[in-house]
Amino acid sequence: MRRKIVNALAVLLLGAVFATIALAYQERQFLRPLAEFYVTQTPTMLGLPNIVTGILITWRGFDTLGEVAVLFMVAASVGLLLRETGETQTHSNPQTRPAGEIVTSGAATLLPPIFLFGAYVIANGHLSAGGGFQGGAIVASGVVLLLLARPRAELPLGFLAITESLAGVFYVLLGIAGIVFAGGFLDSRFLPAGQFGAFISAGAIPAISILLGIKVGAELSVVVDRFRR
Amino acid sequence: MGISVSHLALVTGFLLCLIGVWGLLSNRHILRIIISFSLLDTGVHIVLVATGYITGATAPILDEALGPGAAALHSVDPIPSALVVTAIVIGFSVTAVMLAYAIRLYRAKGTLDIDAFTESKG
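Taken in sequence, the protein lines are chains W and V.
full-length UniProt numbering puts the first residue of the first sequence at 1, with every later residue one more than the last.
full-length UniProt numbering puts the first residue of the second sequence at 1, with every later residue one more than the last.
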């Protein structure tokens, strides 16, 4: 009972803080200077219509690289935490029931469109809403559906690990190419900007986006697969 | 001026945060704590995106409807959107690690009630 009162008090106090913020909040009418810089300079300097992708992949590309490193560490640490220890008996569900008719046929119908949509979102990240992270997550959700439909399916973990590492290596190599041929690490302007809004345009951004998508998709699939056993 | 869209999103995000904090504090089951954490996380994302809204603006993607000249006036702040993409991925990572720990704790004690894990209580 006492714990409940303390909890309610804490939530109420936090609610009071939030309420003052929400009451004082005024919808802004203009962009802040930094945002205005990004919005006006991204199309001209990088030749890229999608400003969010420009921020993620070029302006703040180093952060994105660090974030991918975080994902990699999570995949590694989840594997470490969930590895079969000798003393506990294996809980790897002795008789897995096969998936139902609806799930299997649904997966058979939906998997190709899901993977295609993921590839589309990854490849068009520089033109419309999307990008490496989003498309990678879509691909990984397709993998989840695959694992639900076929619980005994084995993912090609070695292949995924090699693909993911190669994507990471090429990502860093593209970043270094930015140092050598353009203004700095992960500067995408060492490839020609091309025609604004065309599929192959915006320098190295599509390439980086695709590598990012491959890496994120492989890592999320590995993380999901680790939780299965 | 009445209630704007971003105000509504902001308040919704804050409410989700509060529900998450309440769940974190009052639940004793580890999976429920993890779900509460995810709610809190989602609430913060909604608040962040809401603060990037500019009145009457649209997504910061240039096309025929939003030329380079109009973009500075009619696009939302792209920085919170970019930050939230990052935050969603990190939130996923943290959730995955928490779930892995939950599985380890269950293997050790056969229960997910947090009251069963008192050895490390200071």
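Bear in mind the hints are in silico, worked out from the structure with no lab data behind them.
By construction, the Cβ of each residue, glycine as well, lies at the ideal position given by its N, Cα and C atoms.
Fair warning: there could be bad hints in the mix.
[As the list claims (entries may be wrong)] Here chain W is said to cover these stretches of chain V; the calculated rule only asks that three of the stretch's residues, wherever they fall, bring their Cβ under 8 angstroms from a Cβ of chain W:
(1) 33–44
(2) 78–87
[As the list claims (entries may be wrong)] From chain W, some residues computed to sit far from chain V (all C-beta separations above 12 angstroms):
(3) PHE117
(4) TYR120
(5) GLY132
(6) ILE176
Counting residues of the segment 78–87 of chain V that have a beta-carbon nearer than 8 angstroms to any beta-carbon of chain W, does the count reach 3?
It holds, with 6 qualifying residues against the three required.
When you look at the beta carbon of TYR120/W, is every beta carbon of chain V farther off than 12 angstroms?
16 angstroms, holds
Beyond 12 angstroms from each Cβ of chain V, as asserted for ILE176/W
Per Cβ check, ILE176/W is outside 12 angstroms of chain V; nearest 23 angstroms; holds.
Within the segment 33–44 of chain V, is the number of residues with a Cβ closer than 8 angstroms to a Cβ of chain W three or more?
It is violated, with 0 qualifying residues against the three required.
Hey, does PHE117/W actually stay past 12 angstroms from chain V on C-beta?
18 angstroms, holds
Beyond 12 angstroms from every chain V Cβ: check whether that's true for GLY132/W.
GLY132/W is in fact no farther than 12 angstroms from some Cβ atom of chain V, at 10 angstroms.
Checked against the numbered hints given earlier, the structure breaks hints 1 and 5 and satisfies all the rest.
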